[in-house]
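Protein sequences, first through last, are from chains L and D.
If you count the first sequence from 1, position 37 lands on 37 in this note's numbering, and the numbers rise without skipping.
If you count the second sequence from 1, position 284 lands on 284 in this note's numbering, and the numbers rise without skipping.
Keep in mind the hints are simulated off the structure, nothing from the lab.
Think of the CB as a built atom: it goes at the ideal place given N, C-alpha and C, for glycine as much as any other residue.
One or more hints might be untrue.
[Claimed, not checked] When the alpha-carbon atoms are kept at most 25 Å apart in a straight line, the in silico BS3-like pairs for lysine-lysine are as follows: (1) D:K180 with D:K9; (2) L:K36 with L:K12; (3) D:K251 with L:K273; (4) D:K180 with L:K273; (5) D:K180 with D:K136; (6) L:K135 with L:K208.
[To be verified] Chain D stretches covered by chain L per the calculated footprint, using a threshold of three residues with CB under 8 Å from any CB of chain L: (7) 197-208; (8) 216-230; (9) 256-266.
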Amino acid sequence: MPDGASPVLDVKGLKTVFRTRGGEVHAVNSVSFDLKPGELLGVVGESGSGKSVTMMSLIGLLPSPPADVRAGEVLFGGTDLLRCPQDHLRAVRGGEIGFIFQDPMTSLNPVFTVGFQIMEPLRKHMGMDKAAARKRAQELLELVGIPDARRRLDDFPHQFSGGMRQRVMIAIALACDPKVLIADEPTTALDVTIQAQILELVRELRRKLGMAIVWITHDLGVIAGIADRVIVMYGGQIVEQAPVKDLFHRPRHPYTRALLKTIPSVRGEREAKLNVIEGQPPILIAAPTACSFRARCPHAFDRCARENPARRPVGPGHDVACFWDPAPEASDA
Amino acid sequence: MLDAPARRKLVEVRGLRKYFPITAGLLRRKIGDVKAVDNVSFDIFEGETLGLVGESGCGKSTCGRVILRLYDPTAGSIRIEGREIADAPQSDLRELRPTMQMVFQDPQASLNPRMTVAAIIGEPLDEHTTLSKAEKLARIYELMDAVGLNRNYANRYPHEFSGGQRQRIGIARALALNPKFVVCDEPIAALDVSIQAQVVNLLEELQDRLGLTYLFISHDLSMVRHIADRVAVMYLGQIAELAPRDDLYLKPLHPYTQALLSAVPEPDPELEAHRRRIILTGDVPSPANPPKGCNFCTRCPKVMDICRQVEPAFREVEPGRFAACHLYSETNETAGPTAAAEARKSIQQGV
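I would like the entire structure built from these sequences, with the hints used as guidance.
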């Protein structure tokens with residue numbers, strides 16, 4: 001690690017395969033990254049790029065079969081989560097690692113009150129009695145900005161709006177003071193004005209609580225506003241990793257560069273024609289033996305078809321899985 | 001509307017309402033209405049794209065469907081090429097269908113999984129034309145070329161295609177009968193960013209080539225800025241503001257438009273770090289029970305006493321710009337210019 005802080009979460013060579021009737025789908029291929037204390041790591045990629053599967057693999061949330069976490073190491077607090085006993089994993093999940101899912105509609109249980117669902121991890125993981133758990137649950141609802149928290153504890157999920165439900169999800173994830181919070185597209189199902197509220201809440205919670213966050217999204221605008229560091233995934237692999245400013249101002253991977261150009265803005269110059277990335281994302285039916293972006297890449301050359309590029313450093317905290325070097329003047333474009 | 005006599009109005013919507021009844025009890029007695037579209041008026045000029053934006057549940061999709069009479073309106077008038085269709089019987093509508101078509105949000109759900117691509121694209125031709133088999137096939141190939149689908153895939157089924165390609169099939173089907181007016185209901189919402197741009201470019205290219213008029217319904221403000229000529233912003237069943245695209249994005253008048261634009265994150269970390277945001281409090285009220293007065297008064301950062309009493313009229317506040325807000329109403333002439341100046345100031349501060 002360049003800055004010396006020892007990571008709270010260290011993932012090395014993670015490989016996840018889904019067994020299907022059509023053969024094995026290599027959803028995650030040799031993914032390595034780490035998460036430092038208190039930082040917000042953004043994970044961007046399109047659907048099928050492996051960003052959710054990576055995070056689900058870490059904490060054993062994928063049903064097996066069909067999923068098979070084939071290789072790798074996930075170091076969290078000195079233990080390898082891929083090889084530890086189920087009991088330990090269960091204690092970590094929802095305890096030291098909190099999880100927020102994309103859809104607040106389906107990830108809350110409709111037949112239990114919101115209060116019960118926040119109290120559940122408190123009682124399971126922290127061993128609190130009912131009264132203490134209820135008190136803490138009320139504090140948590142207040143923390144995430146739900147008005148009239150005490151009364152709302154006895155309401156059911158359907159009595160909350162989408163944004164409020166996502167706040168409840170955040171309260172549950174924060175219940176046991178996690179060291180790491182994994183948020184999988186937490187604002188994607190929400191409207192922009194509600195998304196703005198949730199992003200503001202997360203900024204505030206980070207200041208107050210200081211946990212490390214992994215934030216999965218396909219929205220580069222959201223990333224620009226909250227992340228410290230970003231990893232970009234494509235075809236089940238990390239193709240670029242960089243501090244957030246470098247990623248937006250000095251993107252190195254042709255995919256990142258193209259992705260940044262395709263998004264129109266509501267401010268600034270309006271493009272006459274949108275830039276596109278031609279072609280389709282790769283089908284991950286075989287382990288990659290070449291660069292998975294080469295078919296859509298404007299800079300591909302013969303080496304890209306022969307070898308799968310490994311990540312190589314190109315700046316402080318910045319690495320890229322690509323053989324191509326941009327011309328010097330283009331690098332600060 | 002605009003004083004540009006050269007532009008012909010293709011679609012005129014006046015006072016359009018669509019209420020869905022809420023029923024209760026054994027006898028399904030009506031106890032109220034969900035006011036999905038509540039007194040909406042606008043024009044769409046020939047060859048332009050009108051963007052219709054708003055958050056989920058604001059009634060934008062219902063509005064698009066009512067205009068094509070996929071739903072029957074509760075009240076109001078819809079004229080397409082001068083012909084009233086709001087109360088036209090189904091037999092007349094059938095004759096009009098070829099001129100007005102729709103592209104749906106979810107290409108997965110709007111294509112029949114048991115029909116081949118050729119059958120899907122050819123179905124409108126079967127229904128509305130008397131082409132021979134060979135002519136029909138030629139037309140299907142022509143359409144597939146136009147939307148960038150490989151002709152060799154004509155006999156494949158929708159599940160064999162990716163999301164972006166499926167949306168191309170939906171577009172080809174909508175174009176089969178040479179329509180003049182196409183309602184695109186969130187055509188890119190289900191697609192990945194890199195594929196969205198491909199589909200938007202295709203829609204623009206087809207518009208140029210075929211002289212199409214679009215109603216482009218979306219919640220994605222940045223894409224609407226790209227594709228639309230004029231933009232209407234809906235909130236809780238009503239249009240809050242309607243303006244030419246650049247005016248709306250550079251100088252939004254209605255406080256809701258200002259908040260909506262401010263909420264869109266900017267893909268630039270430096271800008272994001274210093275941008276001042278307007279964070280709306282609370283949630284959208286229920287369309288079954290909209291607030292008294294202005295329907296935005298419960299969340300509006302600039303709310304005044306009058307807003308809780310009197311519903312603001314939707315009127316032209318500047319040439320070509322419409323807004324429903326007391327800040328710009330005639331009775332409040334002094335507030336108008338200051339509010340506009342304030343709006344301009346907040347824009348300069350990068351809100």
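Now for the hints, and whether the structure bears them out:
1. D:K180 with D:K9: holds (12 Å)
2. L:K36 with L:K12: Roughly 15 Å separates the two Cα atoms, so the pair holds.
3. D:K251 with L:K273: holds (23 Å)
4. D:K180 with L:K273: holds (23 Å)
5. D:K180 with D:K136: Given that 25 Å is the threshold and the Cα spacing comes to 20 Å, the pair holds.
6. L:K135 with L:K208: holds (19 Å)
7. 197-208: holds (count 5)
8. 216-230: holds (count 6)
9. 256-266: holds (count 8)
In summary, the structure agrees with every hint in the numbered list given earlier.
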